[in-house]
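*Asks:* With chain Z held as given, fit chain F onto it using these hints.
Each chain, written out:
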Amino acid sequence: MTFFADCEERMNMAFTIALAGNPNCGKTTLFNALTGSSQRVGNWPGVTIDKKVGKIKGTDAELVDLPGIYSMSPYSPEEIVSRNFIVDEKPDAIINIVDATNLQRNLFLSLQLIDMGTPMGIALNMMDQIEESGDKVDVDKLSTLLGVPVVPISAAKKDNIGELVAKVMSVAESKTAPRPMKYDDDIEKVEAAAEEALNGKVPDNNIRFYAFKLIEGDKAVNEAVPGARESILSSIEEMEREYDDSADSIIADSRYGKISEIVKDTFVAAPKDERGTLSDRIDRIVTNRFLGLPIFVAIIALVYFIAMYDGTLGTSPGAWATGTLNDFIGDELIPAVEQWCEDNGVSDVLTGLLCGGILTGVGAVIGFLPQMIVLFICLVILEEIGYMARVAFIMDRIFRHFNLSGKSFIPLLVGTGCGVPGVMACRTIESEADRRITAMTVTFMPCGAKLPVIAAITAALAGAWWVGVVAYFGGIALVIVSGIILKKFKRLAGKPAPFIMELPPYRAPRFVSCARTVLERAWAFVKKAGTIILLTMILIWVLSHFTLSFQFIDPEADMGDSLLAAIGRILAYIFMPLGWGDSWELASATLTGLIAKEDLIGTLAIVLGDPELAEDEVGELLALILPDSGILSFFVFNMYCAPCFAAIGAIHRELGNWKHTAIAVGYQCLLAYFVACLVYVIHGSIVGLNMEWYSYVVAIISAAVLLYVLIVKDPFRQFKDEKEVEA
Amino acid sequence: MTLDRRCLLTGEIMSTLKDAATGSTVVVKKITGGGEIKRHIMDMGITKGVEIYVRKVAPLGDPVEITVRGYELSLRKEYAELIEVE
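Note that the protein sequences, when read in sequence, are chains Z and F. Numbering-wise, the first sequence is residues 1 to 727 according to the working numbering. Numbering-wise, the second sequence is residues 1001 to 1086 according to the working numbering.
Since the hints were derived computationally from the structure, they do not count as laboratory data. Every value quoted in this text rests on a predicted model; they were computed, and no experiment measured them. Ideal Cβ placement from N, Cα and C applies to all residues, glycine included. Take these hints with a grain of salt, some might be off.
[Unchecked claim] Per label pair, the in silico range of CB-to-CB distance: (1) F:Thr1067 to Z:Ile686: 54 to 60 Å; (2) F:Ala1021 to Z:Ile285: 41 to 47 Å; (3) Z:Phe716 to F:Gly1035: 41 to 47 Å.
[To be verified] Straight line, CA to CA, 27 Å or less: simulated DSS-like cross-link-like pairs of lysine-lysine: (4) Z:Lys182 to F:Lys1077; (5) F:Lys1029 to F:Lys1077; (6) Z:Lys264 to F:Lys1030; (7) F:Lys1056 to Z:Lys219; (8) Z:Lys713 to F:Lys1077; (9) F:Lys1056 to Z:Lys272; (10) F:Lys1030 to Z:Lys219; (11) F:Lys1030 to Z:Lys258; (12) Z:Lys182 to F:Lys1056; (13) F:Lys1048 to Z:Lys264; (14) F:Lys1048 to Z:Lys189; (15) F:Lys1077 to Z:Lys490; (16) Z:Lys201 to Z:Lys189; (17) Z:Lys219 to F:Lys1029; (18) Z:Lys189 to F:Lys1029; (19) Z:Lys488 to Z:Lys219; (20) Z:Lys136 to Z:Lys175; (21) F:Lys1077 to Z:Lys487; (22) Z:Lys90 to Z:Lys52.
[Unchecked claim] Here are a few chain Z residues that sit away from chain F, every Cβ distance over 12 Å (derived from the structure): (23) Lys57; (24) Ala269; (25) Arg275; (26) Ser549; (27) Leu689.
Chain Z on its own, in the form it takes in the complex (with noise of 0.2 Å):
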């Protein structure tokens, strides 16, 4: 008996929580406050999502933070991700956050949790600013009203934290579903017919909210339950001749009508002041239709300023940081590392393993960490203050045109500074299609580690100063190019969302809740650093010391012997076409790029007879062996080809799988590559150069390929499953 008693304890114990709510409605804040540090940061199965999952401080419940949601449809990711928790994974009881301030919106979500048929607590937030606004909320009657144990909290100031916890763990253990709240006779007709055609078919204490779906014409229920819907039409179609309108917008209307019921029944707004909100009146200057532009233009200017800026005006704090570790690492720390192997008698190839590969490549990974976290701070602060909403929706006019959110922008410039942080700055981007394409794009931006590249190719050419502008042009017009592309890719970019999106109240930043997001993401790029980004520094440098049949080489005295020689005496013949395949010098170059794209300049500077040499001596060189269009051929393939490995590393994190990181990372180098050929081949008919049949041919198929998927609709053919399922 004791044992049984025991076990059943334990059981409840152990309960799963779900934390459901309204994106800005405090659901993060929240869930700190509940689980404190213990919680751990994943994906959700198939979407680049974060999951977080913590356990509740004083019980040994795990809370399951879903996605920030308005409903429980099946269209967005986050939605999907949120039903399928729901009804798979059965937890015993939701949390389900409303903010107060926001009532009407947030319940229509509360409504669609009550018919899942779990016990469920509502965790009434920014009841702090509901008493200092003077409005008044009756929270026991609204309780009452929504069958729903309701407890007033705010999770900023922790207030009343405790009994929510106590509330929701004694409905997780009494097992009891919220009473289903009523709508008229007509629909509940219409719900039980749902409800006997799908019965056995689908979970039972779910049932309720199947049956709405199932009436509004849900794709996914439709999927799962096949003529279900069939079986019932006739009286949905009774229902819509009543009410004159379709399914789905009677559901939707009774649904809010009910809330309204509800709200002026339970909430008494203050007398308000003419003037509006404060955040009113900071909106109204904020994004006026003629202050709107140049305040934004000197927002983003100024964070510009703090983290990336690096020139004749002085450092930034960013780029400080950043110098100031990389000098400590190249300059203090390897120089003593390598002291101590010598001292030790450690062996010359582990030593240059030790110091050559892994401390200089995962160096120069490492050496972003500082500039990123000044740039996250920034960030972070903007997305907690309310202003990236606003940033959508002033820059949302020119970026719809190539297929991008607003917010695309900020991560496009950041990667004018460094590619890393840009990728990992699409976190702000909440649609997934925006999010991918944005990061597959940015690397096309010409970053700080090219502009040495473009210093040698100036050199190279004579000194042409319109080679920095084409490189920022080029890139500009390649993440176009890009956008275009890649939205008729769908199964890589995902589905876009329309954009419908709330303008968050502007708020104070909160300085717990920004330093525990900046180094989250700092966090997630150091794993990534230590993992995958060391693995593949190792490679390279084990490629360029060592021979084929595997003797140690000093490269800069015998790099034709090495490994890395012998792959770019292969690889050449790729790039024979564009003009360059001739020397392998040229093709290992390109491939130590990967490693970080001055190390190109490092590798040619040593091939072309001196480690010493500078950047425009080695374009003067470069010169001497390839014809002025092959110099832009071979500058505008290594401008747009693949970025270095940090950069893919933090593509990888943003598209969530390495199969979609080397078909963008392919892609990248594919248009990098029909781009470069059309250059040599355009600009070598125009100087009259004399040029291989090959390149003309490819030079062929690249335009009538680009073009091809440029103008023709539906290219990769995926579009005709769907016009059938919407016919």
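*Replies:* This is chain F only, laid out in the frame that chain Z set:
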């Protein structure tokens, strides 16, 4: 074209949220279209009979910002066109 025809058929002028002037308050009559976009519009609280206040237009002329059910929402004009108002 379609608007003209609808006017002829019903004998009244249909207007959409897209045509509503900044600073005006309108009442939603119907949401046209279907599928995901209609669903998303309704999820955000734009349903029959609700009042919408047109706050402003973005600096570049699109999207628009509205107040609905006590909060701020922005949507592109192409979607505002799906919302019939009076």
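*Asks:* Compare the structure with each hint and give your call.
*Replies:* To see whether the hints hold, each was checked on the structure:
At about 57 Å, the beta-carbon gap between threonine 1067 of chain F and isoleucine 686 of chain Z stays in the expected band of 54 to 60 Å. For alanine 1021 of chain F and isoleucine 285 of chain Z, the Cβ-Cβ distance of about 21 Å falls outside the hinted range of 41 to 47 Å, so the restraint is violated. At about 22 Å, the CB distance of phenylalanine 716 of chain Z to glycine 1035 of chain F disagrees with the hint of 41 to 47 Å. For the hint linking lysine 182 of chain Z to lysine 1077 of chain F, the alpha-carbon distance of about 36 Å lies beyond 27 Å, and the restraint is violated.
Proposed proximity of lysine 1029 of chain F and lysine 1077 of chain F is supported: the alpha carbons are some 17 Å apart, at most 27 Å. A threshold of 27 Å between alpha carbons decides the hint, and for lysine 264 of chain Z with lysine 1030 of chain F the separation of about 23 Å falls inside it, so the pair holds. For the suggested pair lysine 1056 of chain F and lysine 219 of chain Z, the alpha carbons sit about 35 Å apart, so the restraint of at most 27 Å is broken. Taking the CA atoms of lysine 713 of chain Z and lysine 1077 of chain F, the gap is about 23 Å. The hint holds against a cut of 27 Å.
Restraint check for lysine 1056 of chain F and lysine 272 of chain Z: satisfied, since their Cα atoms lie roughly 20 Å apart, inside the 27 Å limit. Between lysine 1030 of chain F and lysine 219 of chain Z, the direct Cα distance comes to roughly 22 Å. Compliance with the 27 Å bound is thereby established for this hinted pair. Proximity of lysine 1030 of chain F to lysine 258 of chain Z is assessed by CA-CA distance (about 19 Å); at most 27 Å being required, the pair is judged to hold. Between lysine 182 of chain Z and lysine 1056 of chain F, the direct Cα distance comes to roughly 38 Å. Violation of the 27 Å bound is thereby established for this hinted pair.
Straight-line distance between C-alpha atoms of lysine 1048 of chain F and lysine 264 of chain Z comes to about 18 Å, which keeps the hinted pair within the 27 Å bound. Of the supplied pair hints, the one linking lysine 1048 of chain F and lysine 189 of chain Z holds, its CA atoms being roughly 22 Å apart against a limit of 27 Å. Restraint check: the Cα-Cα separation between lysine 1077 of chain F and lysine 490 of chain Z comes to about 25 Å, which is no more than 27 Å; the hinted pair holds. Taken as a hint, the lysine 201 of chain Z and lysine 189 of chain Z pair is honoured in the structure, with Cα atoms around 20 Å apart against an allowance of 27 Å.
With a C-alpha separation of about 26 Å, the suggested pair lysine 219 of chain Z and lysine 1029 of chain F falls inside the 27 Å cut-off, and the hint holds. For the hint pairing lysine 189 of chain Z with lysine 1029 of chain F, the CA-to-CA distance comes to about 26 Å; that is within 27 Å, so the pair holds. Annotation: proposed proximity of lysine 488 of chain Z to lysine 219 of chain Z holds, straight-line Cα distance about 22 Å (limit 27 Å). The suggested pairing of lysine 136 of chain Z with lysine 175 of chain Z is violated, with an alpha-carbon distance near 31 Å, which exceeds 27 Å.
For the proposed pair lysine 1077 of chain F and lysine 487 of chain Z, the alpha carbon gap of about 21 Å is at most 27 Å, so the pair holds. Distance hint between lysine 90 of chain Z and lysine 52 of chain Z is fulfilled; the C-alpha atoms sit about 17 Å from each other, no more than 27 Å. Distance check for lysine 57 of chain Z against chain F: the nearest CB is about 31 Å away, which clears 12 Å, and the non-interface claim stands. Distance check for alanine 269 of chain Z against chain F: the nearest CB is about 9 Å away, which does not clear 12 Å, and the non-interface claim fails.
Look at arginine 275 of chain Z: its CB is around 14 Å from the nearest CB on chain F, clear of 12 Å, so calling it non-interface holds up. With a least beta-carbon separation of about 61 Å from chain F, serine 549 of chain Z lies farther than 12 Å from that chain, consistent with its non-interface assignment. With a closest Cβ-Cβ approach of about 44 Å to chain F, leucine 689 of chain Z is found to remain outside the 12 Å limit, as its non-interface label requires.
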